[in-house]
Amino acid sequence: MGGGWWGEPAPRPDPKAEAMTELERKRGGAPVPADWTYAPAPEARDIVSLRERYGLYVGGEWIEPHAGETFTTIDPSTEEPLAEIAQAGPEDVGLAVEAARDAFENGWSALAPSERAKYLFRIARILQERSREFAVLESLNGGKPIRESRDVDLPLSAAHFFYYAGWADKLEYAFPNRAPRPVGVAGQIIPWNFPLLMLAWKVAPALAAGNTVVLKPAETTPLSALLFCDVVRQAELPPGVVNIVTGDGRTGAEIVKHPGIDKIAFTGSTDVGKAIQRELAGTRKKLTLELGGKAANVVFDDAPLDQAIEGIVNGIYFNQGHVCCAGSRLLVQESIYEQLIAKLKRRLTTLRVGAPLDKNTDVGAINSRQQLEKIEQLVESGRDEGAEIYQPPCRLPERGYWFVPTVFTNVAQSYRIAQEEIFGPVLSVLTFRTPDEAVEKANNTPYGLSAGVWTEKGSRILAMAQRLRAGVVWANTYNRFDPASPFGGYKESGFGREGGLHGLEPYLRFDP
Amino acid sequence: MSRLPVRKTYKLFVGGAFPRSESGRTYEAEGQNVARASRKDVRDAVRAARGAFPKWASMTAYNRGQVLYRLAEMMEARHAELADLCSGETEVEQAIDRVVWYAGWTDKLAQVLGSSNPVAGPYFNFTVPEPTGVVGVLCPEEPALLGLVTRLLPPLVGGNTVVAVASEAKPLAAIELAEALATSDVPGGVVNILTGLKAELAPVLAAHMDVNALDLAGADGDLAELERAAAANVKRVVHGAADVQSPWEVLSFLELKTVWHPIGV
Numbered sequence: 009m010g011g012g013w014w015g016e017p018a019p020r021p022d023p024k025a026e027a028m029t030e031l032e033r034k035r036g037g038a039p040v041p042a043d044w045t046y047a048p049a050p051e052a053r054d055i056v057s058l059r060e061r062y063g064l065y066v067g068g069e070w071i072e073p074h075a076g077e078t079f080t081t082i083d084p085s086t087e088e089p090l091a092e093i094a095q096a097g098p099e100d101v102g103l104a105v106e107a108a109r110d111a112f113e114n115g116w117s118a119l120a121p122s123e124r125a126k127y128l129f130r131i132a133r134i135l136q137e138r139s140r141e142f143a144v145l146e147s148l149n150g151g152k153p154i155r156e157s158r159d160v161d162l163p164l165s166a167a168h169f170f171y172y173a174g175w176a177d178k179l180e181y182a183f184p185n186r187a188p189r190p191v192g193v194a195g196q197i198i199p200w201n202f203p204l205l206m207l208a209w210k211v212a213p214a215l216a217a218g219n220t221v222v223l224k225p226a227e228t229t230p231l232s233a234l235l236f237c238d239v240v241r242q243a244e245l246p247p248g249v250v251n252i253v254t255g256d257g258r259t260g261a262e263i264v265k266h267p268g269i270d271k272i273a274f275t276g277s278t279d280v281g282k283a284i285q286r287e288l289a290g291t292r293k294k295l296t297l298e299l300g301g302k303a304a305n306v307v308f309d310d311a312p313l314d315q316a317i318e319g320i321v322n323g324i325y326f327n328q329g330h331v332c333c334a335g336s337r338l339l340v341q342e343s344i345y346e347q348l349i350a351k352l353k354r355r356l357t358t359l360r361v362g363a364p365l366d367k368n369t370d371v372g373a374i375n376s377r378q379q380l381e382k383i384e385q386l387v388e389s390g391r392d393e394g395a396e397i398y399q400p401p402c403r404l405p406e407r408g409y410w411f412v413p414t415v416f417t418n419v420a421q422s423y424r425i426a427q428e429e430i431f432g433p434v435l436s437v438l439t440f441r442t443p444d445e446a447v448e449k450a451n452n453t454p455y456g457l458s459a460g461v462w463t464e465k466g467s468r469i470l471a472m473a474q475r476l477r478a479g480v481v482w483a484n485t486y487n488r489f490d491p492a493s494p495f496g497g498y499k500e501s502g503f504g505r506e507g508g509l510h511g512l513e514p515y516l517r518f519d520p
Numbered sequence: 317m318s319r320l321p322v323r324k325t326y327k328l329f330v331g332g333a334f335p336r337s338e339s340g341r342t343y344e345a346e347g348q349n350v351a352r353a354s355r356k357d358v359r360d361a362v363r364a365a366r367g368a369f370p371k372w373a374s375m376t377a378y379n380r381g382q383v384l385y386r387l388a389e390m391m392e393a394r395h396a397e398l399a400d401l402c403s404g405e406t407e408v409e410q411a412i413d414r415v416v417w418y419a420g421w422t423d424k425l426a427q428v429l430g431s432s433n434p435v436a437g438p439y440f441n442f443t444v445p446e447p448t449g450v451v452g453v454l455c456p457e458e459p460a461l462l463g464l465v466t467r468l469l470p471p472l473v474g475g476n477t478v479v480a481v482a483s484e485a486k487p488l489a490a491i492e493l494a495e496a497l498a499t500s501d502v503p504g505g506v507v508n509i510l511t512g513l514k515a516e517l518a519p520v521l522a523a524h525m526d527v528n529a530l531d532l533a534g535a536d537g538d539l540a541e542l543e544r545a546a547a548a549n550v551k552r553v554v555h556g557a558a559d560v561q562s563p564w565e566v567l568s569f570l571e572l573k574t575v576w577h578p579i580g581v
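Here the protein sequences line up with chains A and B, keeping their order.
To convert a position in the first sequence, counted from 1, into this note's numbering, add 8.
To convert a position in the second sequence, counted from 1, into this note's numbering, add 316.
Any given hint could turn out to be false.
As the list claims (entries may be wrong) - Here are the simulated DSS-like cross-link-like pairs (lysine-lysine), alpha carbons at most 25 angstroms apart as the crow flies:
1. A:K265 to A:K294
2. B:K424 to A:K178
3. A:K449 to B:K371
Don't read these hints as lab results, they were simulated from the structure.
Use the sequences and the hints to build the structure in full.
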């Protein structure tokens with residue numbers, strides 16, 4: 009993982025928070041940091057050359073969609089169109105599955121595993137070599153700050169391929185006495201929040217295990233997956249091993265329904281995940297689901313407070329809160345509530361919301377109009393139900409989709425903003441007195457993807473980790489990922505794990 | 317004059333007690349009147365299972381192993397009775413041996429299924445298996461005892477609690493096993509056994525929002541319909557075999573939790 013985007017000091021260190029607050033008061037309540045001026049520091053965009061129009065990548069070639077239907081993909085920070093994208097229909101998905109099946113039967117699955125490994129190592133290296141290009145494209149099409157795509161998405165994507173490359177010829181050590189074999193053709197449907205990273209999470213283990221794939225990137229963020237086709241070409245991967253079909257939910261539904269696919273892997277909303285599980289009922293196809301979350305970030309009174317503030321901010325405002333494991337419910341021990349909220353509000357005034365390609369930007373653009381409307385609607389419900397809202401003074405660009413980093417206090421557990429996934433930069437704060445109460449509140453949602461614990465006490469970290477019903481527990485950190493670390497949810501956050509040795513299993517079949 | 321034997325009333329096993337069906341209904345199986353559980357009985361059983369879950373799940377693995385071994389001891393004591401209710405001695409012996417085999421797994425699962433993960437950062441990162449919660453089991457019709465034990469033990473070993481619907485045609489072995497469970501040290505509510513008509517009970521269990529996983533081993537009819545109902549709360553759905561033993565069977569009812577613990581001075 010690259011530079012330290014987490015726990016990095018605030019733009020200005022804050023050793024005397026109280027004094028600063030006093031200064032602010034003297035200045036008539038105007039928060040000082042909002043007045044800071046920054047020179048623009050844009051990352052050069054010309055490293056990316058876009059085509060006007062993209063086809064579908066099937067069997068190692070670009071094909072036109074059968075029905076000729078296309079849609080426009082945009083830059084959400086300016087609403088400027090970037091390219092025309094093909095809408096894959098049933099015929100196109102059929103061709104992609106055929107190509108994947110053909111590649112699986114005629115070569116890929118019979119290839120020496122050590123050779124398979126070398127293809128994946130090549131992909132990892134090419135991603136590293138072209139990481140700047142990919143990072144710019146990711147920010148351009150997704151709206152995420154370049155600092156994050158550069159320091160998180162890209163290094164992690166390459167690392168995933170590098171990690172799983174090494175597994176390709178060692179599967180019998182991972183699953184001794186179980187004769188692991190590939191499943192066949194995997195259908196993979198990924199979300200728009202980490203377009204390339206989610207592709208890496210899906211494609212790397214699938215290929216390492218000897219499968220071929222048909223992958224659909226999200227409707228709003230297809231470009232990095234389409235550029236990945238060029239990486240596939242450069243790596244000289246046999247045709248049909250990786251097939252990329254673009255489109256909206258209809259294309260996804262065709263993949264799920266296709267009888268020629270042996271395994272479905274989906275990352276996205278819980279509602280769609282349930283629909284997929286229903287659709288696959290009775291088919292005995294393998295399925296993994298990585299769905300929504302409403303994670304609790306639990307801060308005890310002995311926590312290192314400044315570090316916790318950075319963790320809270322990173323937990324919910326990282327990637328505009330478009331993170332399934334975002335720490336969207338802050339649980340604060342009552343004794344430090346006032347102090348923590350004051351510090352948090354002050355820290356929010358230093359967050360820079362703006363152009364995704366500016367290297368100083370902390371919070372970029374909301375991914376789509378649809379998502380912006382969903383966030384606005386849930387925030388409205390928070391106000392209506394009686395929560396107290398705080399938003400720092402903030403100048404938003406005139407065009408594009410934007411939402412100010414928001415904190416809700418005075419939130420009851422029953423409020424929609426405490427129960428439903430907002431998937432935006434909106435934090436709901438609740439309090440607790442005892443560890444028991446913290447556990448009960450933290451576990452009180454249908455989700456169970458992730459949780460955070462902040463305390464100086466190691467034994468308390470482990471005790472809390474044991475009792476939180478979540479697939480990933482971060483202690484004194486948040487939103488940290490690693491290819492060796494399994495990721496996935498409890499309860500309605502889905503099933504199956506991605507990452508680590510455990511992430512191979514969904515892509516293998518075993519002797520009974 | 318020969319003595320008239322005292323017959324047994326075959327009831328449900330819920331929350332450690334032996335209630336009749338709240339509906340007051342019975343059906344005839346193997347020449348006996350057996351309780352015919354209702355939807356309400358399913359819900360009561362799930363509630364009992366949920367209530368028993370925290371204690372069973374947080375018991376030490378060593379302790380859970382001993383409790384399950386104790387179940388094997390109790391079955392051994394009921395050897396003859398169990399043999400009468402299934403295909404005979406051999407099946408009973410296989411069933412008891414299977415319980416012993418699984419009892420020995422409780423404190424080994426985390427070592428075989430878990431991992432410590434070398435992440436690029438100052439964190440001790442480890443993955444441990446944990447129980448998924450309440451598991452609904454539709455027991456195989458045959459073999460009456462071995463099939464039941466085969467499907468019951470994997471969720472139990474991992475720390476889950478169970479609501480099981482017994483073989484519809486041969487439910488007596490299940491009730492006999494419930495008596496062994498009641499006299500072992502398995503806490504009340506950890507295993508709940510319902511007898512009745514599967515067509516009536518399975519859809520309720522499959523759709524129940526507080527059941528985390530569903531084993532369709534002995535389901536008949538429209539399995540797809542049950543699976544669709546199970547999607548309502550993203551249940552883990554398992555198609556268990558009637559005669560199998562392996563730690564991977566246990567894994568089907570486990571969640572994997574990954575913890576990032578900071579390293580620093």
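Results of checking the hints against the structure:
Under the criterion of a C-alpha separation no larger than 25 angstroms, the hint pairing A:K265 with A:K294 is consistent with the structure, at around 13 angstroms. Between B:K424 and A:K178, the direct Cα distance comes to roughly 23 angstroms. Compliance with the 25 angstroms bound is thereby established for this hinted pair. For the given pair, A:K449 sits about 19 angstroms from B:K371 by alpha-carbon distance, which is consistent with the 25 angstroms threshold.
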